[in-house]
Amino acid sequence: MVNVRDTKPGLPQAPLLRRASFSRLRASINPGRYRGILLSAASLVLAFLIWQLLSTFIFNPFLIPPPLEVIRTAIPMIMSGEIFADVSISMSRILVGFFSGSLIGVIFGVLLGRIRVLHDLLDPIMELLRYLSPTAMIPIAVIWFGIGEMSKYFLIFWGTFFIVLINTTAGVWRAPITRQRAAECLGANRLQIFLMVVIPSAVPYIVTGMRVAMASSFMSIIPAEILAADSGIGYLLQKSSMLLQTNRIFVALLTICILGFAVDRLFRFFVQRVLARYMSYVSVM
Amino acid sequence: MRVVNLRKTYDAAHHPYVALDGVNIEIVDGEFFCLLGPSGCGKSTLLNILAGFEPVTGGSVTSDGVVVTGAGRDRAMFFQDAGSALFPWLSVEENVRFGLRVRKVPKREWGAIIDKYLQMVDLDRHRTKFPSQLSGGMRQRLQIARALAVEPEVLLMDEPFGALDALTRRRMHSVLLAIWERTGKTVIFVTHDIAEAILLGDRIGMMSVGPRSTISRVFNVDFPRPRDLAHPEVAQLFHEIENLLAPDVARSEQAVAPS
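Going down the list, the sequences are from chains E and G.
Position one of the first sequence corresponds to residue 1119 (the numbering used here), numbered consecutively onward.
Position one of the second sequence corresponds to residue -9 (the numbering used here), numbered consecutively onward.
Honestly, the hints are just simulated from the structure, not real lab data.
Even for Gly, the Cβ is constructed at its ideal location relative to N, Cα and C.
Hints are supplied without guarantee of correctness; some may be wrong.
What the hints assert, rightly or not - Here are some of the chain E residues that sit facing chain G, going by a computed Cβ distance under 7 Å: (1) A1288; (2) T1296; (3) A1300; (4) E1302; (5) A1306; (6) R1308; (7) Q1310; (8) P1318; (9) F1385; (10) R1386; (11) A1394; (12) R1395; (13) Y1396.
Stated by the list, open to error - A few chain G residues that face chain E, going by a derived Cβ cut-off under 7 Å, partial list only: (14) R87; (15) F88; (16) P96; (17) R215.
To be verified - Far from chain G, by Cβ distances over 10 Å, these chain E residues were calculated: (18) L1164; (19) L1172; (20) P1184; (21) I1201; (22) R1248; (23) V1260; (24) R1297; (25) R1299; (26) C1303; (27) L1304; (28) M1314; (29) V1315; (30) V1321; (31) R1329; (32) V1381.
Full structure from sequences and hints, please.
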């Protein structure tokens, strides 16, 4: 008995000690936070390194230009402001389409979530139309609105609207009945319940919808600009392709990556700053 | 509150289901009334009808002589799931303020009312926290404070402590009893826990299993509070109720299981 008691707990003790000192070390450099950032940076550096090696030694550098070459091409484009002009025109198209689509999507979503008849009446139409992606709408958008700004606004609007609408409807629909009843007991009338309980309850759904719609806007602006524009990042891609400038194509592709990432981070930052209290009870982000 | 010959049917999918039939009770002002029954006996349905959330099919429900047709300011409902009943985007303080705002209580009175009820449930140190930062027991106390702030006469409680751990539940019992004694409100408390009903209630209305459930028997619980379940007379009542419920519990399990 004594023997067993002596040896058995003794076994895990050595690793325990080691783990304790290790965790103290980790705590001293405040890891949780920085380790993630460090690993992300390492991952990117590693990816660039492998890319550089592959395109120098294995692949044809004309087809896959090495990152250093891409950066060399990017510098004059940045210095001259050329890339910023394309970025800002694409961004403005995304923002106009995104915000108008979100606004109208939220309004319709709220109505559809609340008014049963309207939902039953419009839902079949929405269910069919949502399969028309913005890309599918490019040809008709060009005929309706030309290749100017309006057609791009329309296409981004189109993509955003359905995503935000469906999410908003779901959010309004799922506002807990107990919460509405609690408000009713406290003396709230129907309008107050709607404005002060149902809509705030739907905010996490709306935000999720908008975030997905923002990502989809980035997906749809590029084909729209490739097929029907004379400016923007998509046009830059298209033009560079015609001239076989693979370096510039890669600059444009990288720009899309960085821009999308930055905008999503900005969106999350905004939500955490302004809407945190509505998101506190769900981990959507 | 008075319930006369209450009947409630549901017409789900052309299968009329008589949930409640022939329910008669009269609840005296200031009384602590427990509705006890196994799951599926319609006690929550009855409470929802008392709250005015669901219409009656037959009979009548009156509160202070006025027929109940909807939620009224005289009756406040508590839910078991405080997480969905509270307003998670509002702080503790703002949750209590909600009722004052929608009832157009003059703004200068808000501060005093909020202080009073948050102190009563011992949450005044947490007033800037959000519901997600509170424990289960604290959320239920916030629900109590929020409802009391609009000064209802009747508190309708639907298994409010059912989701809490045993120790927190015991603490909530004493919090609730203290508030009840202090404010003299009428409490109608739904539970499936015999011990809880005996510890809290002045009277216990036992409900039979549906369909056509009704209040089959009413027990007077005259023991002084705080009550001790180990006390022989209390224990005897416990066993009496338990024995009466046993066949119904077995039946409700059968009714719920296959369907």
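Now the hints, each set against the structure:
1. Annotation: A1288 of chain E was flagged as interfacial toward chain G, and the flag is violated, the nearest CB pair being 16 Å apart, outside 7 Å.
2. About 5 Å separates the beta-carbon of T1296 of chain E from the nearest beta-carbon of chain G, less than 7 Å, and the hint is met.
3. Given hint, A1300 of chain E at the interface with chain G, holds; its Cβ is 5 Å from that chain's nearest Cβ, closer than 7 Å.
4. The restraint placing E1302 of chain E at the interface with chain G holds, with a minimum CB-CB distance near 4 Å, inside the 7 Å limit.
5. Contact between A1306 of chain E and chain G, as hinted, is supported at the beta carbon level, the nearest pair being about 4 Å apart and thus within 7 Å.
6. Violation of the interface hint for R1308 of chain E is found here, the shortest Cβ-Cβ separation to chain G being roughly 11 Å, above the 7 Å cut-off.
7. The interface hint given for Q1310 of chain E holds, since its Cβ lies 5 Å from the closest Cβ of chain G, which is under the 7 Å cut-off.
8. Annotation: interface hint on P1318 of chain E holds; nearest CB of chain G at approximately 5 Å, less than 7 Å.
9. A distance limit of 7 Å between C-beta atoms decides the matter here; for F1385 of chain E the minimum to chain G is near 19 Å, and the interface restraint is violated.
10. The criterion of a C-beta within 7 Å of any C-beta in chain G is not met by R1386 of chain E, whose closest approach is roughly 18 Å, and the hint is violated.
11. Restraint check, A1394 of chain E versus chain G: the minimum CB separation of about 9 Å is more than 7 Å; hint violated.
12. Given hint, R1395 of chain E at the interface with chain G, holds; its Cβ is 4 Å from that chain's nearest Cβ, closer than 7 Å.
13. Checking Y1396 of chain E against chain G by beta carbon gives a least distance of about 5 Å; that is within 7 Å, so the hint holds.
14. Residue-level restraint check for R87 of chain G is violated (minimum Cβ-Cβ distance to chain E is 10 Å; threshold 7 Å).
15. Because the beta carbon of F88 of chain G sits about 6 Å from the nearest beta carbon in chain E, less than 7 Å, this interface hint is met.
16. Residue-level restraint check for P96 of chain G is violated (minimum Cβ-Cβ distance to chain E is 15 Å; threshold 7 Å).
17. Interface restraint check: R215 of chain G against chain E, minimum CB-CB distance 27 Å, threshold 7 Å, status violated.
18. At the 10 Å boundary, the C-beta of L1164 of chain E stays outside the reach of chain G, the nearest C-beta of that chain being 38 Å off.
19. Once the 10 Å rule is applied to beta carbons, L1172 of chain E is consistent with being away from chain G; the minimum gap is 48 Å.
20. P1184 of chain E, annotated as away from the interface, keeps every beta carbon of chain G farther than 10 Å; the closest lies near 49 Å.
21. No Cβ of chain G approaches the Cβ of I1201 of chain E within 10 Å, the least distance being about 41 Å, so the stated non-interface status holds.
22. Distance to chain G confirms R1248 of chain E as a non-interface residue, since its nearest Cβ pair spans about 29 Å, more than 10 Å.
23. In this structure V1260 of chain E is separated from chain G by more than 10 Å, as the shortest Cβ-Cβ distance comes to about 44 Å.
24. Listed as a non-interface residue, R1297 of chain E fails to keep its Cβ farther than 10 Å from every Cβ of chain G; the least gap is roughly 6 Å.
25. Annotated as non-interface, R1299 of chain E brings its C-beta within 10 Å of a C-beta of chain G; the closest such distance is 6 Å.
26. Annotated as non-interface, C1303 of chain E brings its C-beta within 10 Å of a C-beta of chain G; the closest such distance is 5 Å.
27. Chain G draws L1304 of chain E into its interface by the beta-carbon criterion, the shortest separation being 4 Å against a cut-off of 10 Å.
28. Chain G draws M1314 of chain E into its interface by the beta-carbon criterion, the shortest separation being 7 Å against a cut-off of 10 Å.
29. With a cut of 10 Å on Cβ distances, V1315 of chain E falls inside the contact zone with chain G, its closest approach being about 7 Å.
30. Its closest Cβ contact with chain G, about 7 Å, brings V1321 of chain E to no more than 10 Å, contrary to its assignment away from the interface.
31. For R1329 of chain E, the condition that its CB be more than 10 Å from all CB atoms of chain G holds, with the nearest at approximately 18 Å.
32. With a cut of 10 Å on Cβ distances, V1381 of chain E stays outside the contact zone with chain G, its closest approach being about 25 Å.
Of the hints listed earlier, those the structure fails to meet are numbers 1, 6, 9, 10, 11, 14, 16, 17, 24, 25, 26, 27, 28, 29 and 30, in rising order.
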